[in-house]
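Let chain A serve as the given structure and place chain B on it in line with the hints.
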Amino acid sequence: MISTILIIGGGQAGAQAIDTLRREGFKGRLILVSDEPQLPYQRPPLSKKFLSGELAAERLLFRHQSFYDDHGIELKLGVRATQLDAAVRKVVLSNGEEVVYDRLLLCLGAMSRQLTCPGADLPGVHYLRTIADVPQIQSALKPGTRAVIIGGGYIGLETAATARKMGCLVTVLEMADRVMNRVVASNVSEYFAHEHRTQGVNIICNTRVVHLDGTTKVERVVCADGTSYEADLLVVGVGAVANMQLASDAGLKCENGIVVDEYCQTSDPAIYAAGDCTYHPSLRFDMRVRLESVDNAFEQAKTAALNILERPTIHDRVPWFWSDQFDNKLLIVGLSQGHDLQVTRGDPATRSFTVCYLKGGELMAVEAINHSKDYMAARKLIADRARPNIDKLADPQVALKEAF
Amino acid sequence: MAQVTVVFVQPDGSRREIVAPVGITLMEAARQNNVSGIVAQCGGACACATCHVYVKESWLPKLQPPEDMEEGMLETAWEPRANSRLSCQVQITAALDGLEVTVPEHQA
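Quick mapping for you: the protein sequence lines, in order, are chains A and B. Just so we're aligned: the first sequence equals residues 1 to 404 in this note's numbering. Just so we're aligned: the second sequence equals residues 1 to 108 in this note's numbering.
Excised from the complex, chain A in its bound form:
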């Protein structure tokens, strides 16, 4: 008999697990522990409309307090889980409390990868991960502020776009030869770099930051080639790593994240995990992955919740991602690693085009720039392992769904 379910982590996965567990009829004790003092909220707007002030904090919340009250959710907010004793199914919290569970769901998320160069510990080196990171960045976003962003990935470029829209003089420093190099095709990188430059963002690739300089706070970023950039505001977005200390200390199997199977179950049968912290099998792509994705957090949390309720469910989804930069929407579905063919539909000069990836004739991933039709069609086609006619695929006049 499962009478107590403990969820650790108040992000997308934690919020969704609560929702599914109650919706599917779990009547027992349901506890959410989150080290953030806020009710669970959405993170994607933190680098976009929340950072710009267009969206109030209240609108980030998944649910209001009344939902948790009405559904009998015990919220333990601003409290950290410090120790997990899997043998006796007990978690120790930072306030000294101990919680004994029947099933535990770890939704620990990921944390920003930290810079390690000299000066990285100076005050004023900002990361953007939680709502608590926002006010200090936001207060500097005004006309004339010299903003330096280290890292040209999603967070770096979204923050750059927001800062630029608010009048900052923005420089993005990227170590690789192109922005978003790990997640998109080179012509997509080129397109976004061009869009940023057109808006006045200074994008510099092939540059490695070697130290941060300043007296009482960071004032300057120094690169390996000797160039330096004055910074009134410095934001670092150089990737994320899974939060898995609690799990690994408890002896759960961990690699690039907490290892789970397709049921979202960890190496301990009473413990499940979901979201950014998991290293999980992707059935469609026949590989293990760790994904930083709202969609994955949502779907894994749902799957974990159903399995906890002893309704065997497999996590078998094609992941998707999006990014908003200026007036551009980048929509990605699938995973492109290991592709053997890449086909671009349409001309980037029209500000709307799509890059398709294939492997062994099957569509495996799509990057759609301002093209929601291709993206939506691809979601189904990739899941179905559909095999396009390459000539039709390359013809933007043929709808993607008609190219099969």
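Calculated directly from the structure, the hints in this document are not laboratory data. All the pointers check out, no bait thrown in.
Just so you have them, the derived chain A footprint on chain B, three or more residues with Cβ under 8 Å:
(1) 25-32
(2) 40-50
(3) 70-80
By construction, the Cβ of each residue, glycine as well, lies at the ideal position given by its N, Cα and C atoms.
Using the frame of chain A, we list chain B on its own:
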């Protein structure tokens, strides 16, 4: 703050009236009130088509028309119709007091 009443009809015909403040989106109003069937996975970024609704025809002229991105999302949403909208793209205004929408049987 000005408020309006909007009605969500479930596929089984059951109706739920909710009171929502002007200025948020129809999706947010649904989520705040735990309306069944509005998933809104992307949280209003027009990236997932899981907040799809059918708008009662008489209300369509009172809504801002969909932009290209929304139309593209709807084309392959679950059973799109001429009165399909993504509720995250519908801003609640005073003119929408009494708006009635139906939730589809499935989302994308």
